[in-house]
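All chains, please: the whole structure from these sequences, using the hints.
In case you want the letters, here they are:
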Amino acid sequence: MMWLLVALGAAVGAPLRYLADHAIRSLGPRWTGFPWGTLLVNVVGSALLGGLTGAAVSSEAYALAGSGFCGALTTFSSFGSDTIKLIEGRRGGRAAVYVAVTVAAGLAASAGAFALMA
Amino acid sequence: MRATLAAVSLGGVVGALGRHGLTILIPTPSGWPLGTFLVNVSGCLAMGVLLGYLARHRTPPLTQPFLGVGVLGGYTTFSTYADETRGLLADGRVTAAVLYVVASLVLGLAAVWVGLTVMRRAPRAAGNAGETS
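Chains as they are written, first to last, in our numbering: chain A, 1451 to 1568; chain B, 246 to 378.
Possibly wrong hints are sitting among the right ones.
One-sided and incomplete, this derived list gives chain B residues near chain A with beta-carbon spacing under 8 Å [as the list claims (entries may be wrong)]:
no.	residue
1	257
2	258
3	261
4	262
5	277
6	314
7	324
8	325
9	327
10	328
Don't read these hints as lab results, they were simulated from the structure. Just so we're clear, the structure is a prediction, and the values are computed from it rather than from any experiment. Every residue gets a Cβ at the ideal spot worked out from N, C-alpha and C, and that includes glycine.
Written out as structure tokens, the structure is:
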């Protein structure tokens, strides 16, 4: 049962991440030099999961919306490859800002939503 | 677009189930989130290997959306990483939290780089003319 809930949440979360990235890229060339899409889904997903943990939802709801949806909406592998691509493109400063902002905003969003829902 | 979304969705399910299974199997020594840590670092290594491979080989059109965006995106997670860090900090385990944040970042980035570098140096698969790098 839990496996099915995780699968259902992920089936929605992963394509939503793709759509968010696609939508931001289509805003124009100014939006393609920085991984705004990955940053957005990681911060929003961290807030959602923090809220779910704070609200102490049932393990079924957590499997569907937490492990499944938030887990697939957010990504660590693209975060890593975005950063390496910036570094290889001689955008080391931008890479450092990307890492710092993602971690700081992700943690703040998680903690803020947790406190709000607890 | 519809086929791409379907590939991403299907890949996401495969990746998320892999993550779910591994985080159940891998123990969390004294509450330290070893499962998510290993999932994220191994996913970063696989992402480096995949991107290195895709840069030099011709592949079916949905390979990157399915494997990269779907499977590896669904396998790795940032939200759990943030939530587990918050949990460690809330328990007053500052050193464990800092270790988790920094080790995931450093080893994750290193893993992407190692994967890319290995694939760039590996001899190209025979009979494939997709050289783009």
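### Indices of hints not satisfied (ascending)
5
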